[in-house]
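K.L.:
In order, the protein sequence lines correspond to chains A and B.
What the first sequence shows, in the numbering used here, is residues 1 to 281, in sequence order.
What the second sequence shows, in the numbering used here, is residues 1 to 268, in sequence order.
Hints listed in this document are in silico derivations from the structure and should not be mistaken for laboratory results.
On a predicted model such as this, the values are computed, not experimentally measured, just so you know.
A couple of the hints might just be wrong.
Distance condition first, Cα-Cα at most 20 Å in a straight line; then the derived SDA-like pairs of lysine to any residue [claimed, not checked]:
1. B/11 <-> A/36
2. B/109 <-> B/186
3. B/12 <-> A/212
4. B/176 <-> B/99
5. B/152 <-> A/33
6. B/257 <-> A/213
7. B/102 <-> B/90
8. B/11 <-> A/206
9. B/109 <-> A/266
10. A/29 <-> B/58
11. A/28 <-> B/260
12. B/257 <-> A/36
13. B/12 <-> A/205
14. A/33 <-> B/257
15. A/173 <-> A/253
16. B/96 <-> B/107
17. A/29 <-> B/261
18. B/58 <-> A/135
19. B/11 <-> A/33
20. B/176 <-> B/85
21. B/11 <-> A/213
22. A/26 <-> B/264
23. B/176 <-> B/88
24. B/10 <-> A/135
25. A/173 <-> B/201
26. B/109 <-> A/260
What the simulated footprint calls covered on chain A by chain B, stretch by stretch (three residues with Cβ under 8 Å from a Cβ of chain B suffice, anywhere in the stretch; the number is not a length) [claimed, not checked]:
27. 44-51
28. 76-85
29. 177-191
30. 222-233
31. 260-266
Calculated from the model, a selection of chain A residues having no Cβ within reach of chain B, i.e. all distances over 12 Å [stated by the list, open to error]:
32. 20
33. 35
34. 56
35. 113
36. 252
37. 256
38. 276
For every residue, glycine included, the Cβ atom is placed at its ideal position computed from N, Cα and C.
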Amino acid sequence: MKAASIQTDREGHKPPTKDLYSEYRKRKKILFKSQATVFGVITLLALWSLWGTGFNPLSIVTGTYDMFVFMFTDLFPPDFSAIGSLIGPALDTLYMSYVGMVISVLFSLVLGVLAADFLTPHPIIAAISKGITAFLRSVPAVVWAIILVAGIGLGPLTGTIAIGLSGIGILGKAYAEVLNSMDRDQIEGVRATGASWLQVMGQAVWPQFKAGFVSWSLYKLDMNIREAAILGLVGAGGLGYYLQSSISLFQYKTAAMAILMIFALILLVEFVTAKLRERIL
Amino acid sequence: MMKNNRHMEKKKVQNTIFTVLAFAFFIFSMLQLDIVPERLMRSFERLTYIFGNMFPPKLNEPIDVFGAAIESIQVAILGTIIGILVSFFLAVFAAKNLTPFKPLSFAIKSFAGFVRAVPALIWALLFIVAVGLGPTPGVLALAINSIGMLVKVYAEALEEIDMGVVEALESAGASKVQVILQGVIPSMLSAFIAWSLFRLDVNIRYSAILGVVGAGGIGWELVKAAQMSRYDEALMVTIVIFLMVMSAEVISEFMKKRANAATAQALK
Chain A
1 MKAASIQTDR EGHKPPTKDL YSEYRKRKKI LFKSQATVFG VITLLALWSL
51 WGTGFNPLSI VTGTYDMFVF MFTDLFPPDF SAIGSLIGPA LDTLYMSYVG
101 MVISVLFSLV LGVLAADFLT PHPIIAAISK GITAFLRSVP AVVWAIILVA
151 GIGLGPLTGT IAIGLSGIGI LGKAYAEVLN SMDRDQIEGV RATGASWLQV
201 MGQAVWPQFK AGFVSWSLYK LDMNIREAAI LGLVGAGGLG YYLQSSISLF
251 QYKTAAMAIL MIFALILLVE FVTAKLRERI L
Chain B
1 MMKNNRHMEK KKVQNTIFTV LAFAFFIFSM LQLDIVPERL MRSFERLTYI
51 FGNMFPPKLN EPIDVFGAAI ESIQVAILGT IIGILVSFFL AVFAAKNLTP
101 FKPLSFAIKS FAGFVRAVPA LIWALLFIVA VGLGPTPGVL ALAINSIGML
151 VKVYAEALEE IDMGVVEALE SAGASKVQVI LQGVIPSMLS AFIAWSLFRL
201 DVNIRYSAIL GVVGAGGIGW ELVKAAQMSR YDEALMVTIV IFLMVMSAEV
251 ISEFMKKRAN AATAQALK
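Make a model of the complete structure from these sequences and hints.
P.N.:
Written out as structure tokens, the structure is:
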């Protein structure tokens with residue numbers, strides 16, 4: 001900007017250059033002001049949080065150090081002989097996430113259709129359906145699991161229902177969005193031929209909906225494995241339960257094996273869903 | 001045409017097989033988990049009883065619950081800030097176009113991948129063993145889990161920047177720090193802001209449940225209420241968590257819009 005102003009000076013056009021330069025300075029000032037505000041707010045928030053939680057910034061260093069010590073003295077090497085007893089819980093985790101996914105797919109299909117602009121029987125029903133999914137989405141699966149554990153007891157059934165519930169929140173919204181972004185002309189075309197509601201769904205809606213449906217559902221299965229692995233921490237069955245109990249018994253090497261198992265399970269499911277997505281679409 | 005038809009036919013058969021297999025696996029999983037109709041009926045009865053007891057939601061110690069909610073938010077803020085600072089520093093070394101040493105980039109990326117694959121709640125559990133109960137393990141767990149994700153996305157954003165800007169600054173004699181401050185950061189600023197806000201949103205979700213394993217915040221209040229079968233209180237805590245998560249989502253959405261508008265204004 002400065003170089004430009006010098007050049008025009010020589011050519012003798014003073015007024016516009018002065019304008020440009022003052023404009024530049026004005027903008028720079030605005031930029032500086034907003035940057036200062038942002039940094040100020042962030043600093044204040046950080047100080048407030050430090051004061052509120054009593055967190056000592058030094059513990060970033062000491063905590064990392066403690067973690068390393070803990071990892072290398074207590075966690076390593078993982079106890080590989082525990083694999084045998086871990087396979088059962090690992091399969092449970094897998095079944096939980098799969099059944100949870102199917103449950104949430106079924107409910108979300110209904111809620112998604114009810115929430116989509118052009119399929120809903122009434123705008124009020126659409127609003128209610130959106131409200132339900134928003135609520136289910138904003139409450140973490142672990143919260144559902146805690147309430148359900150108190151209600152129907154420990155075990156995989158609790159975890160399955162918790163996963164299913166929180167899945168409805170995500171899939172219901174995703175399905176509604178996919179349905180809303182469809183090409184309406186095709187649907188109108190099929191409808192104009194005198195097709196029934198079921199035929200419209202089968203011939204016009206489903207072909208457009210399929211890709212989004214498959215990829216969102218498989219994505220949810222990916223997520224479910226992670227959730228199912230941690231739901232056990234509150235007693236809802238699967239690998240997490242095993243992890244929690246071995247940590248409270250100070251059997252850290254077994255716990256390390258459970259973490260490795262969770263890790264492997266996540267990677268395995270991610271690989272399988274990626275392959276499936278490729279094959280189906 | 002024939003070939004295309006046969007391909008379509010094959011795909012149809014394949015998809016039918018997939019559907020049947022998916023259904024069979026569903027039934028198999030249900031049986032393995034011992035989810036049978038009579039058990040579902042019994043659970044359903046229990047659930048109606050609990051939901052009946054949930055209303056109206058109430059609080060016995062309102063100050064505790066709101067204090068715990070604020071502590072959760074503070075844990076999330078600290079975890080996010082530490083995560084952002086460390087991640088940005090690591091991302092500069094992890095981005096292929098900026099790293100001084102290629103194997104270092106690979107090492108940092110694999111470290112981030114490992115850290116990311118272990119869920120935040122498990123990190124919290126491990127940190128509790130390593131540093132003790134309270135908000136500190138929560139902050140550290142969120143920070144390390146954020147690092148796993150942010151290093152990846154920051155490095156990707158850094159790899160996409162226009163290297164012409166960096167070269168121009170270097171040939172003008174700028175130092176490494178100046179290149180990063182004047183050339184690199186402005187180029188990735190909008191991706192940086194968007195991802196950081198997204199992470200704050202995610203961390204507030206996580207911080208609400210960290211208390212479950214004893215890492216401070218509102219999660220512990222929920223566990224307490226549920227274990228003592230005070231379902232009306234549990235519902236109230238759930239509602240507070242819902243409001244917390246919801247407002248985090250709304251605020252981060254608003255901030256993202258503001259940031260985009262500010263960038264647009266500055267570039268105009």
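K.L.:
Which numbered hints turn out to be false for this structure?
P.N.:
1, 2, 5, 6, 10, 15, 19, 24, 28, 29, 33, 34, 36, 37 and 38
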